[in-house]
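Starting from the known structure of chain G, arrange chain R on it as the hints suggest.
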Amino acid sequence: MLLPPPHISPLSETDWLFQFHTGFSVAANRQLHALATMFRQRHGSLLQDVVVAYDSLLLRFQHPQLHAEVRINESLKQLANITLSGSTISLIEIPVCYDQALYNDLSAMAEQTNLTVEEIIELHSAATYHIYMLGFLPGFAYLGSVDDRIALTRKAAPVPVTTGAVGIAGTQTGIYPTATPGGWNIVGYTPLQMFDINREPACLLQPGQQVRFVPISLSEYKSLQSS
Amino acid sequence: MSILIEKAGLHDTVQDAGRYGYGHWGVNTNGPMDPYAFALANALLGNELNAPVLEVHFPAPIIRFQQPALIALTGANFSAMLDGEPLLTNRAYQVAAGAVLRFAHKKQGERCYLAVRHGWLVPQVMGSAATNLKSGFGGYQGRALKAGDSLPVKLYLPERCNSKKMPWFVPDFVPENTTELPVLKGPEWEWLQEDARYQLQRSRFEVSRKADRTGIHWLGTVLQLKASCSMVSSPVIMGATQLLPSGQLLTLMADHQTVGGYPRVLQLCKVALPILAQSSAGMSFGFQFITHAEAMGLYEQQQKHIRQIQLMVRSFLT
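Line by line, the protein sequences give chains G and R.
Going by this note's numbering, the residue at position 183 of the first sequence is 183; the numbering climbs one at a time, nothing skipped.
Just add 1000 to the spot in the second sequence (first one is 1) and you have this note's numbering.
So here's chain G without its partners, still in its complex pose (with noise of 0.2 Å):
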């Protein structure tokens, strides 16, 4: 699949904002974290930064930028011969402790949903997730898609949350790296740390790799959690 041509703005004297329209498509998705390899790979000297959100890509120039119109159309022409194999995509397992003796929405969630707590912890840990972009905080992961009959709406107001958090908010799911206030219904804890500037690389997951949450129990979360 290629992508549509993109919907091309300046978006300051030294940004470039492509966006292609695609929504939540994976394959598309996939194809613009390729794009911004490219990029990263043969303009790594002219730009200070690459950001990919769900179906845009963000170019930030060193210096101001007339046009960029040209740098892409030739990138989108390099993408095309480019294909990329799913046997490539890499797949990382994050163990999640869903036991309710730690504080979490499973409770409400299985209230709203009329499934039970099992249930919903079976359809969370089943599913493999794309990794679409990182934002919100350092490391924190937008993963999808979750299952419709457990895509609940974030609450109301955010709520003091902790970190290795897991949560869902509509189809998205993700994993607080770091302690700050949230509206995601939290379904677990990861002892992983997900974000740590004293290792590398700093970030454990990669925008378009692929998650598959592995329950563990109560004990296994705390004996890797003090590892």
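Hints are computed from structural coordinates only; laboratory data are not their basis.
Treat each hint with caution, since some may be false.
[Claimed, not checked] Some, not all, of what chain G presents toward chain R, calculated at C-beta under 7 Å: (1) L11; (2) S56; (3) F136; (4) P207.
Positions of the beta carbon are idealized from the N, C-alpha and C atoms, including for glycine.
Okay, now just chain R, sitting in the frame of chain G:
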């Protein structure tokens, strides 16, 4: 070799030009609220233009210099006093060991920059010295300064000149009493109803009290989108001005997130950011729509001005 924070200010953080290159990990750029005053502080000392600088708000800290230093203050005027003697903004001073810097009262502006020759010595994290408060890294131990903190500086050997006040200075590049902010149309400009587009070009909008390093909320006419406009989260940058569900505007500032889900109806030009960063609640502005080429011209002119000052200062310093 260091300076001592004797009393912490409201919100004092170490910032460099910002952390770039990690947007795909959701890492915020952070950096200064007033990029012009930040770079000018470095230029006035002949530093690299992205050297780490201290950004302070009012009430500002009390600082004791435990070694000689060459310093410059830019941005807001908080009536700085060095051992009781007033210091001018946009000017470089030699400071003797033991001297104490205080800020008496808020005269004008919201953010003041204190630079030292060669910059503050803080470790680089992911290529930058900017403070990321939310995730607690960068700058000085990933946090705002507290009383008792000791901020290291490079050894400074005083110039062979008797005066404390160095001979060079610059007048304020940003004219006072600016009432128009140059802007570009944002990517979702077309989503606005015709009346909203008219209001943005004709009305004035007021800086509200809800303003911090993450963003500045505006007060003004309620603006409306055309029906059935829904948005998928997309990258945002400093100066992006979003239309919130309330119909009011929010301009994203230095600590903004990497992506956002509200329509970006305006983009403040780079030369407008310093003006907004120094604006207090209650001030009002109109938006002056300019072309992309004009915006680049204004920005390049400002950049050139800073580089010229840096070169001039370097010719004085040995």
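Practice task
Compare the structure with the hints numbered earlier in the document and write down the numbers of the violated ones, lowest to highest.
Solution key: Per hint list: zero violations.
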